[in-house]
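Keeping their order, the protein sequence lines are chains A and B.
Mapping of the first sequence onto our numbering: position 1 corresponds to residue 210, and the numbering continues sequentially without gaps.
Mapping of the second sequence onto our numbering: position 21 corresponds to residue 230, and the numbering continues sequentially without gaps.
Keep in mind that a hint or two might mislead.
Repeated chains share a single entry, so a pair holds when one copy, or any two copies, can fit it.
[Claimed, not checked] Distance condition first, Cα-Cα at most 20 Å in a straight line; then the derived SDA-like pairs of lysine to any residue:
#1 318 <-> 437
#2 402 <-> 437
#3 413 <-> 297
#4 275 <-> 348
#5 402 <-> 366
#6 370 <-> 498
#7 370 <-> 341
#8 413 <-> 382
#9 413 <-> 438
Everything labelled a hint here was simulated from the structure, so no lab data went into it.
There are 2 protein chains.
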Amino acid sequence: MADRIVVVGSIALDTLHTPHGSAEDCVGGSASYAAFAASYHAPVNLVAVVGTDFPQAARELFGQRKVDTEGLEVVEGQTFRWGGRYHEDMNRRDTLFTELNVFEDFHPKLPDSYRSSEVVFLANIHPALQMEVLEQVDAPRFTALDTMNLWIDIARDDLVKALGCIDLLFLNDEEAMQLSGEGNISSAVRALKAMGPKSVVVKKGEHGAVLFADGNEPYVQPTVLLESVVDPTGAGDAFAGGFLGHVARSGDASAETLRQAMVQGTVTASFTTEEFGPDRLVKLPEQEIDARREVLRRISAWPFA
Amino acid sequence: MADRIVVVGSIALDTLHTPHGSAEDCVGGSASYAAFAASYHAPVNLVAVVGTDFPQAARELFGQRKVDTEGLEVVEGQTFRWGGRYHEDMNRRDTLFTELNVFEDFHPKLPDSYRSSEVVFLANIHPALQMEVLEQVDAPRFTALDTMNLWIDIARDDLVKALGCIDLLFLNDEEAMQLSGEGNISSAVRALKAMGPKSVVVKKGEHGAVLFADGNEPYVQPTVLLESVVDPTGAGDAFAGGFLGHVARSGDASAETLRQAMVQGTVTASFTTEEFGPDRLVKLPEQEIDARREVLRRISAWPFA
């Protein structure tokens, strides 16, 4: 049986505007995208909070993906809501509103059955909450953390403390330089590793990602080329979820496994952007994942004998 | 014997300011970088113009790389000069000055011995001059053109005319969208191919490049990760030069050869940025090119069996 992965993060109802249209009250948040993506690769234990307004249909998405929701707290009040509008260049977006609601007083509580999970993914939330989860797991064999510029700005001390307790850090190239104070990726990653994590994955969106694993040469991962990106929301969370799902399934965290996880994360995340919200990500036939991985292999195959 | 490649473009004396320092009167221009890079892979015939002030030491760089300079015109007056200042984020730069000088009245004249060259590279200059070169070659088996936003803005008709006469177009992602009027790369490339070129290479700087060859799946090429980028000037020209040098050396332009050319262009260009101007590019031991190609293979090797 595959190892289990516990995912903690946010669950939101998103209002999304992109050049391709709009959608309201999509299931969003870092934990949702990460859990859906991970669920194709390993059993997922979810830790998050929603309000009593969270629709039953939305909740059923987690059931469809066999995500364990014993750790999903339901609190009297409104679910966290986020609204965003993407530019023509969908690498840029403006936040229209952020209503924390029940998320404001959230403290993650792990059900007893989750404590022995072998893999832990601290998806993007306040680093103090990420630490609270680490304190509730027994002895996970692999822990990873994702973060964002907001926490580097307003909760840097908490973030640095959490970095001392994890195996792998996900962040994008700008965040790597912001958090390290270094001007290029190689120096930034050296500085970040000195803060704790043995491995760092630098996410570059449509340009792929780079893995700096413990003591190994970097590994550069290109992405598949999509005909059309409808909604980029959640792609980074889905990448990390797919990555860690593969680490759970593999039962180890060797350099080889982490490189394979880069591929699985990339492939799983690529579907996320093809429809609004998690619509495409929650109903993927397994053979489509396999087929797209084969496309990725072909379009990046080394051309020399 | 390898096929010969004729390179036409600009030769400049560059004044460069980067976060790593400054340098004056470096040999620059699209033809210089492309010719130096191509020279590691095939015999190069150079077509360009300099002024009587062009230093003998600068001229000797072409001799060191065995670039044929019969087509290098020397005209009474000053060489083309360009000055630029790079930001902390070296993907951005400001032009400080552009003095066309002898370049203003330049019309490329191919020596008779160049007319039978098998491969033609129209490096970045005014598209009307690129056309003049095409009219002077006999029957090249492969022709390629590089361009920039300036010509899309001020000489679009000439550029579109030239696109009708070439096999392969190099440009960056923003230029692809600007020239095609399309909002994503896939649609942009389809529109560009409809203008003439059978193949399009979209350059993405530090993020690599993508080849859209005739009738084939795209090919995505990541780059090597450099510890330090000292001066990005000329990297795109060197990429194209290395690419076409490989096409000349291979004697064909199959999809396989073009994919290999993506690797050779990437590897050759990677050295360009490590020192100011072409300093590193003109004195590369061949075994360093081979060693870096091997690094690129390793850091991007498919991790599944």
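Here is what the structure says about each hint:
no.: 1; hint: 318 <-> 437; in the structure: neither (39 Å within a copy, 45 Å between copies)
no.: 2; hint: 402 <-> 437; in the structure: between (36 Å within a copy, 18 Å between copies)
no.: 3; hint: 413 <-> 297; in the structure: both (18 Å within a copy, 19 Å between copies)
no.: 4; hint: 275 <-> 348; in the structure: neither (24 Å within a copy, 63 Å between copies)
no.: 5; hint: 402 <-> 366; in the structure: within (16 Å within a copy, 52 Å between copies)
no.: 6; hint: 370 <-> 498; in the structure: neither (36 Å within a copy, 43 Å between copies)
no.: 7; hint: 370 <-> 341; in the structure: within (12 Å within a copy, 64 Å between copies)
no.: 8; hint: 413 <-> 382; in the structure: both (6 Å within a copy, 15 Å between copies)
no.: 9; hint: 413 <-> 438; in the structure: both (16 Å within a copy, 18 Å between copies)
Violation of the numbered hints given earlier is confined to hints 1, 4, 6; the remaining hints are satisfied by the structure.
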